[in-house]
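So the protein sequences, as listed, match chains C and W. The first sequence begins at 1 in the working numbering and counts up by one. The second sequence begins at 1 in the working numbering and counts up by one.
Note that these hints are calculated values from the structure, not bench results. Accuracy of the hints is not assured; some may be wrong.
[Said to hold, decoys possible] Heads up, simulated DSSO-like pairs for lysine-lysine below, C-alpha to C-alpha not over 27 Å straight-line:
#1 W:LYS99 - W:LYS343
#2 C:LYS135 - W:LYS99
#3 W:LYS789 - C:LYS162
#4 C:LYS136 - W:LYS7
#5 C:LYS160 - W:LYS326
#6 W:LYS337 - W:LYS465
#7 W:LYS343 - C:LYS120
#8 W:LYS337 - C:LYS78
#9 W:LYS573 - C:LYS120
#10 C:LYS136 - W:LYS465
#11 W:LYS63 - W:LYS573
#12 C:LYS28 - C:LYS135
#13 W:LYS343 - C:LYS113
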Amino acid sequence: MLLELNHIYKWVKSGGRRVFLLNDLSLKIDEGEFLSLMGPSGSGKSTLLNVISMLDAFEEGEYYFDSEAVHDLSSKRKTGIFNENIGFIFQAYHLLDDLTVYENIETPLLYKKIKSSERKALVADMLDRFNIVGKKDLFPHQLSGGQQQLVGIARALIIKPKLILADEPTGNLNSAQSDDIMGLFKKLNQEGVTIIQATHSESNAGYGTRIVNLLDGSINKN
Amino acid sequence: MIRNYFKIAFRNILKNKGIYSINIIGLSFGLATCLLILLFILDESSYDKFNQKADDIVRVVFKANVGGEQISEAVVMPPVAQTLESEFPEVIDAVRLRKMNDPKFTYNNKHFRDFEFAYIDSGFLEVFDFDIIKGDSANPLENPNSIIISQDQANLYFGTEDPIGKNLSFEEGDKQFTVTAVFQEISKKSHFEFDVFASMNGYEYANSTSWVNSDFHTYLLLKDGSKYKELEAKLPTIINKYMGPQIREALGVSYSKFKDENEVGLFLQPLTAIHLNPGFVSSGDLKPGMDVKYLYIFGAVALFMLLIACINFMNLATAAASKRAKEVGIRKALGSKQNQLIKQFLIESFIATIIAVVLAGLLVFLFLPTFNQLAGKAFEIKDLLQFSIVILTLILIFIVTVLAGGYPAFYLSSIQPILVLKSKFTTSGKSNLRNGLVIFQFVISAGLILAIIIVYQQLAFIQNKDLGYNKDHILVIRDAQLIGEQRQSFINQVLEDPKVKSITNSSFLPAGETDVSMSGVLLGDEYQRRMFIYNVDEYYIPTLKLKLLEGRNFSKEFGAEQDKVIINETASKSLGFYEDPIGKTFTQDTNEGGQLLTVIGVVKDFHFKSLHRKIEPLILKHNPYGGVIIRTNTADVSSLLTSIESKWQKINIKQPFSYTFLNESFDNTYLKEKKMRDILSVFTGLTILVACMGLFGLVTFAAERRVREIGIRKVLGSSVPEIIGLLSKDFIKLILVSFVIAFPLGYFLMEQWLQDFAYRIEINWWVFLFAAFITTLIAFGTIVLKSFKAAIANPVKSLRTE
């Protein structure tokens with residue numbers, strides 16, 4: 001098992017009342033799964049992804065990642081686990097505007113203090129794999145949305161994460177680009193990467209191995 | 001990694017060209033100002049330090065309060081040096097210098113003047129550093145008639161001939177001197193600059209045992225490590241022992257009684273402190289000094305400017321925070337640690353600082369000649385390479401980097417990435433820190449504007465003050481005492497010119513080069529105080545346009561008037577002649593025992609010293625000699641000067657014709673204040689410019705942040721002035737708050753400055769209003785410049801982005 005959530009509650013106070021974002025949510029995810037989170041806007045998909053990524057905290061419940069009790073960990077250790085194991089892909093790509101494609105993909109390696117020669121090899125490998133060698137010196141604004149998201153995925157994968165979290169990765173793309181990205185996800189999953197994606201699209205969800213429906217912060221049906 | 005930091009930093013700077021040009025230009029102004037002012041301060045505070053023994057040399061000065069008169073003199077009595085050397089073992093050597101005014105040499109029928117001349121004890125050359133480049137370097141001033149001259153003077157007198165052994169005739173043949181050595185010119189950074197030194201051995205006055213007359217600059221060389229304050233504490237015993245008996249003799253009162261009512265003392269002043277403590281302007285300073293207060297003011301202005309530039313940096317960083325926050329969030333989501341982000345931001349501000357330093361260097365290079373002119377210096381670019389400046393620049397780079405880059409580095413890097421990813425991170429327009437810093441900037445700007453207005457006012461006040469005499473159209477012929485017997489015929493000839501209104505025969509002037517004479521005054525048997533004496537003729541009062549309040553002027557009708565005097569109001573009061581002073585008598589203490597004088601008139605007080613000093617008692621005696629002072633009818637005197645010169649040459653005296661104008665001499669009295677005003681004006685202007693650049697940047701951000709709001713308001717029917725009002729309201733509020741802080745502070749500090757003037761303006765309420773108006777106008781102009789563009793923008797464009 002890669003991660004386990006037990007009775008997670010997350011709320012915000014509004015006018016003295018608790019508004020639940022996650023309400024008694026329990027979920028187990030095994031290594032090698034490709035899970036799709038579905039549900040209407042506001043159902044808690046993004047919140048759940050953020051909690052899983054450890055970037056966001058929760059009020060009650062237990063969270064085990066790779067058998068470590070995340071709810072007991074210091075924020076520093078949480079950041080450590082996140083940096084080692086998790087790649088995040090955003091709906092809005094969130095590429096660094098001032099960096100080229102090559103440099104965007106290289107950035108996570110810099111933060112892991114990987115040697116220059118090794119970095120070069122890893123980035124070259126990644127560019128090759130995603131067929132974007134010719135675009136390595138372009139800046140994000142010179143790319144189409146699909147291409148930008150490709151770079152975003154390449155950047156998430158460069159640290160060889162155990163888990164990929166993708167929040168509406170195709171939300172800003174047309175259906176052809178969307179299918180390409182989903183095909184890529186499926187391929188990655190077959191290579192052994194665990195993926196959790198949040199999506200509105202039934203067809204995208206179809207690429208996955210399991211679908212979890214959320215409603216008002218709780219799991220609706222398995 | 002570090003290369004990556006630099007690369008990213010460069011790209012960020014390029015991308016945010018607008019902000020960074022404000023930051024970098026502001027910083028480079030601040031740094032350039034700091035460098036120039038630093039050069040100035042270092043230069044001014046390094047006077048006399050070139051002397052190897054500088055730290056062990058002190059000057060003996062005299063301070064007293066006699067009969068209510070404050071006396072402070074850089075010269076002391078002739079026997080002080082000898083006495084201190086024999087009484088105190090810690091005094092290794094005591095040497096004296098006696099300056100002679102307006103000396104003249106004749107060599108080979110050629111006449112030389114306008115050089116600085118002094119008698120010195122032969123040990124003087126040992127105590128101070130001298131570089132003897134020709135002649136006897138061991139003891140060149142041993143013989144009574146020996147002199148040493150500077151290289152320049154040697155070239156001037158003797159050309160290519162060997163100067164050693166040559167004879168110079170002094171003061172029209174009064175004395176003959178033999179040149180025994182030539183010295184390298186004394187450094188400009190010395191508190192004295194002389195061209196010629198003669199041996200004190202041939203100067204009779206030097207052997208005087210009088211403890212009453214002060215005329216000798218006296219320097220002590222102290223034993224290494226001995227404290228001058230300890231020696232100073234022992235000096236009162238010397239006064240008791242040596243001066244006491246002579247006081248009784250001179251003043252007729254016992255020393256103990258004298259001491260009950262008066263204070264007299266010798267004090268010590270370290271050599272290196274002389275230049276920065278010019279308290280002896282009227283009596284003994286060998287060169288105008290630089291009040292250390294002015295150095296503090298300049299230093300503060302430079303620091304303020306740098307601080308304002310740093311604040312721009314910080315403020316614009318906080319304003320740009322929402323833009324940068326996204327980047328921080330992504331980077332953190334990609335695994336960046338906080339300290340890596342801190343490094344990145346600091347490197348960015350470091351690069352900006354380095355660019356600013358390079359630009360500052362360029363600015364200094366370009367404006368050094370202008371600054372030299374302003375400050376009266378001769379700095380060169382290579383002066384910037386002194387050790388202390390280089391070190392200070394490095395420290396400044398470090399401080400500015402941390403100060404300017406500190407906010408983004410430490411605050412932005414702590415942002416939780418989740419806030420950014422959820423798009424929840426928005427910097428609200430209001431930040432207390434930023435508001436505080438803007439207030440601080442405008443406290444400084446408004447304070448400086450206030451200060452400048454007051455400085456201008458005070459100097460204009462001095463310029464236009466009723467001096468009690470009329471300084472305009474007064475032509476002073478120098479050296480007229482040399483005409484001798486032909487003086488009267490010369491004066492009569494000059495009087496024929498219709499441009500001449502009147503001529504008086506006197507060497508006493510209220511400004512510029514003048515004779516000074518003081519003498520003790522007794523009323524009955526009782527010693528009153530020393531008073532200034534003017535030796536004048538009957539034309540003095542009409543020529544200078546003094547106002548006779550009571551009695552009469554001197555007149556030929558009354559025959560000899562040597563024992564008649566006209567006194568000023570202050571003298572009248574200090575002698576106790578409150579009612580009807582005419583006909584009252586008092587005694588002038590002279591070497592021959594005293595002269596009884598009768599008051600025949602009282603003149604209105606006039607400022608015969610600079611306006612820094614209160615008007616003191618003055619006695620006008622009828623004793624015409626020396627100078628020729630001419631009142632002309634017109635300011636156009638070029639033809640008059642030619643005609644006077646031809647008459648001067650006809651009487652065939654050897655001195656060339658030379659003259660001064662009284663109003664120019666008067667203006668020169670306040671050169672220091674004018675210099676300070678000019679420097680302060682320039683740097684205040686720059687400081688305000690930098691502050692406004694920051695304001696401009698902030699308004700830009702405010703307009704960008706509120707672009708939607710502006711769009712909506714315009715769609716709802718808001719007018720352009722209303723939008724401008726909306727954008728400027730917040731800033732104008734801050735500026736108003738800054739006045740509340742700046743004005744009391746400015747008032748307090750400018751009061752201190754004004755204390756230096758015995759005659760000064762009072763700070764008026766409208767000065768504050770004016771300063772507030774100017775500051776608001778400048779700031780509002782800056783804001784409008786930017787907000788107008790935002791206000792006229794088409795709202796459709798800004799709303800379409802949604």
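Cross-check of the supplied hints:
As the CA atoms of W:LYS99 and W:LYS343 are separated by approximately 63 Å, the hinted pair breaks the 27 Å bound. Proximity of C:LYS135 to W:LYS99 is assessed by CA-CA distance (about 84 Å); at most 27 Å being required, the pair is judged violated. Between the alpha carbons of W:LYS789 and C:LYS162 the distance comes to roughly 52 Å, so the proposed pair goes past 27 Å and is violated. Between the alpha carbons of C:LYS136 and W:LYS7 the distance comes to roughly 17 Å, so the proposed pair stays at or under 27 Å and holds.
Note on C:LYS160 and W:LYS326: the hinted pairing holds, with a Cα-Cα distance of about 24 Å set against a maximum of 27 Å. This hinted pair does not check out: W:LYS337 and W:LYS465 have alpha carbons roughly 69 Å apart, beyond 27 Å. Restraint check for W:LYS343 and C:LYS120: the C-alpha separation of about 23 Å stays at or below 27 Å, so the hint holds. Between W:LYS337 and C:LYS78 the CA atoms are separated by roughly 12 Å; this keeps the pair inside 27 Å, and the hint holds.
In summary, the hint linking W:LYS573 to C:LYS120 is not supported, as the alpha carbons are separated by about 96 Å, beyond the 27 Å threshold. For the proposed pair C:LYS136 and W:LYS465, the alpha carbon gap of about 77 Å is over 27 Å, so the pair is violated. Simply put, W:LYS63 and W:LYS573 have alpha-carbon atoms about 24 Å apart, close enough for the 27 Å limit, and the pair holds. Between C:LYS28 and C:LYS135, the direct Cα distance comes to roughly 39 Å. Violation of the 27 Å bound is thereby established for this hinted pair.
In summary, the hint linking W:LYS343 to C:LYS113 is supported, as the alpha carbons are separated by about 14 Å, within the 27 Å threshold.
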